[in-house]
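Asker: Those protein sequence lines, which keep their order, are chains A, B and C.
In terms of the working numbering, the first sequence has 258 at position 258, counting the first letter as 1, and numbering is strictly consecutive.
In terms of the working numbering, the second sequence has 178 at position 178, counting the first letter as 1, and numbering is strictly consecutive.
In terms of the working numbering, the third sequence has 300 at position 300, counting the first letter as 1, and numbering is strictly consecutive.
Simulated from the structure, these hints should not be mistaken for lab results.
Simulated pairs of lysine to any residue, SDA-like, Cα-Cα distance not exceeding 20 Å:
1. A:162 x C:260
2. C:242 x C:401
3. B:36 x C:202
4. C:387 x C:313
5. B:117 x A:33
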Amino acid sequence: MQSSAKKTRLHLGANSLNPKGLYWIWFMIPALAFYVVFMAYPMLESLRLSFFTGNYGNRVFVGFSNFIKLFSDSDHSERFFNAFKNTAIFFAVHMLVQNVLGIVFAVLLTNTHMRGRKIYQTIIFVPTTFAVLVTGYLWKLLLSPVWSKPFLTGMGLGALAKPWLGMESTALLFVSLVSCWQWIGIPTMMFVAALRNISEDIYEAAYIDGATGWQVFWGIKLPLLKPIIGMITILTFVNNFNAFDIVFAMENVNGAPGYSTDLIGTLFYRLGIAGQHPIGIPDPGMGAAVSTLIFIMLAIVSILILRRTETKG
Amino acid sequence: MHAGSHAVLILWSAIVIFPLYIMVINSFKDRLSIYKDTFNLPKIWHISNYTDVLSSGDFMRYFLNSFIAVIVSLALVVILGTLASYALAQWRGRWSTFLHFFFMAGMMLPIKIASIKLLEIIRILGLLNSVWALIPIYVAMGLPIAVFVLTEFIRQIPKDLLEAALIDGCGRLGILKKIVAPLLRPAIATVAIYNLIPFWNDLWFPLIFISDEKSKTLLLGVTRLFGQYQTDWSKVLAVLTLSSLPVLTLYLLFSKHFIKGMTSGAIKG
Amino acid sequence: MKNRMLIVLLVVLLAVTPLLGACQQSALKPEQPEKAETPEKPAEPEKPQKEKVELTMGSWRADDVAQMNNLIAAYKAVAPDVNITFQPTNPPDYNATLRLQLDSDTGPDLMYARSYATGQELFNAGFFADCTDIPGLMDNFTASNLAPWQMPDGKMFAVPFAAVSHAVYYNKDIFAAQGLSVPATWDEFIEVCQTLKDNGITPLANGVADEWDILECFFLGMLPNYVGGADQRVLYEKGDKKLNDENFVNAYTDIAEVAPFLPDGFEAVTYNDSQVLFNTQAAAMFMDGSWTLGVYADADFDWGVFAIPARSAADTAVTFHPDMAITMNTKTAHPEEAKAFLAWLCTKEGATTASENLPVGFFPMINFEIQLEDVHANEFLALNLGKQTDARFVWPALMDLYSPMNQAVIGVLKGTMTPQQAADSVAALLP
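For reference, chain A alone in the conformation it holds in the complex (with noise of 0.2 Å):
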């Protein structure tokens, strides 16, 4: 079968099992034209500018050296390494809360003879729908000690009224968790999904082996949920290495307190499109050349992890 597939050229609507690409592409055309067009080029085009610099009318070719500036020059590498450092440790909160938390409760929602699973799962989702603005926002009022102080002072918590998002110590911290809460849902309804895929015979069959709560969970469910952690991992990498708003509504585009809350996100911001905050002259070849270094990094890691999952699948 695979050899007179071989031979098979372009066969719109061949019977054959596995026809070529010619026939393929023909599915992918109308997704190729969107992505080539509003994403791939101008992307390209972008990345490009890495090799330049000035603004526009006045741009200059100046090949690596944007790239020579990011690691050397000591302004330039000090941001450049705190804002990796920091979204690094907002990228490590997401992935412990998330998986943790996230199978928690998948594992506690999936449990079909507790009672009010459904609303427990609509609530978790909840914030889910919210723009990042609004997250930002609203969790800055409440961690605000302006706000809280009178309230905690009430119930004898008046300790736990610290300015959380003003120190350098907390602030990563604060942030990185509320934009946990807010996208929890997501791996939650993955891992649900992944739970779910097994019959309950196979858990009943478990427990009249004489299994524990424990052994199923180790020995059943965890190795499910596996290729599922994989996929949150790729989606949280690249979703964290391009965060933005949460730190834009929660801190400021610098990144305040004295940068500790910077990532890569608001530094390519800063750089490549607004400016420093208001002073503003940007230089969009530093900007393409962070993105650049990002764009490499993203991908290898991707593939690995993708290579990982697909093998063991």
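Given the structure of chain A, go ahead and fit chains B and C onto it with the hints provided.
Answerer: Below, chains B and C alone, put in the same frame as chain A:
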């Protein structure tokens, strides 16, 4: 029974609901009492925050604009994404691997960097200041995730199922329609939801493409009010509440189908 | 299944049809419910009378929609055929969106221009028109008011519109109750703070969460007290004086002194929080700009402003900062009409109308005698009398130091830097 489980879930539910409660009750207070007494119900319910906000913009128009942009984009993402993924999943070869990664690459870059070129393209197409400017961009933004998720799902469909159909004389499109698409429903739901949120909540592209009052999207119309009322948190909260209501209502109305779609056992061979 | 596919396809078809067809003018074309200012609009499309010209105006003053619409409506009496639409962007987005729109030829016809380097850069890039020959511009403004929007070769890239001032807002009721009087020197100021604090009142409303306000309103507001006016500033710009000299170290030392008098958790107090703290009488004083005047219009207590005191009363100076100017796009389709509007702003009539419609706390920069109505606004202006005034220190030539100086100020307030370290960290950036 399940006391522990309930405790965990109720605690989390409280963490979710409490901020929303604060948002709503304070949006009915006046500018200063919000600071004096944040966590209690308002003594006097000020509806004026809402009437002021609503009268300062054409919110029905904003809503309609957002709705059109999002629905059309989603429909296109799902249809085009399914077609492309079907092809990518079935066609195994060097070129398909390349195209797969080509699509995936789109997830890895902040599309904002392409803004200048995109603005140029949109201008050439004569779509500036129109909600139609947003659609092709959203479609392009949504396709990578659609292709990523859908291809994974289609690859999991047992080959025998498709081969059997082929032997029965179904065409490729027939198989897609009759066998693959129904199986893909949960995955399509995932893709739709995953994209719905960024599309609906996107501020950047409306901001740079649309300055005309009658083409503004909801979030764009609403954010100007952040600036205008920045010293008045009760109005800001009214704005926040208003801007979240449409999606929230949609979600609550359809949450049953929606959660079912997302979580119903993906593929049971 | 089939039905659903059909519906989806229909939606897509519906969606794409206008895309292919006549979509130039947004697909939705309902009967524009315009504001009441243009009652004669509907029907009668092509009359031989003069064509209506539509101009757009970009701005970062999203707060001023109502005021600017009044100003524009007043301009209708001068030029009935020109309709200007005010399209503000939120301040943090203005630079970014304006640049993108200019880069791609979709910028507004008229727009607000930032002063000094940021504005010069857009002029050099060819986006801001040369305004030098606009009638009245060179004659009706003083050289120092023109300077912020002037190229080194003397060309003007915008028409000055408004300036802002900086001072200490104080709650007269609290001051009276505590038996306090307006401090004339920095030491007296610290004493006042101490008394207030001892009596359980937060002395100052300022915070550092938003970063810009502690620098622009507070530190740059007090800086002329330490370094002197424009003539001294130039010495720093040229490198004749160092940014870590005694004057600067003193300034950092003094601002560090107020840390205990800021609200609890000032690290997370935002600019808006500060305003509310002052407005709710939770704090007795607030270092802020004149643009906030209107916010306290309906405050239920008596308040006033005083100049930020210097170490010795005689040195007290005021930061009076040229803030906004309006310019036109070189690529506008209606250069004549845009220019006419700018020229109008340079006339006595235009400037008066403009200042009447400017929000309280923005001061006209033109030479004509213009009477302001607001009591507090006049109180603010009176602070300038007999004192040196200057723009915010870094604006004219040292804008690159904005962020480092901002971090230095926050550093001394949080106690992570000594005043000397703070001054050194900024000075080190200049050769």
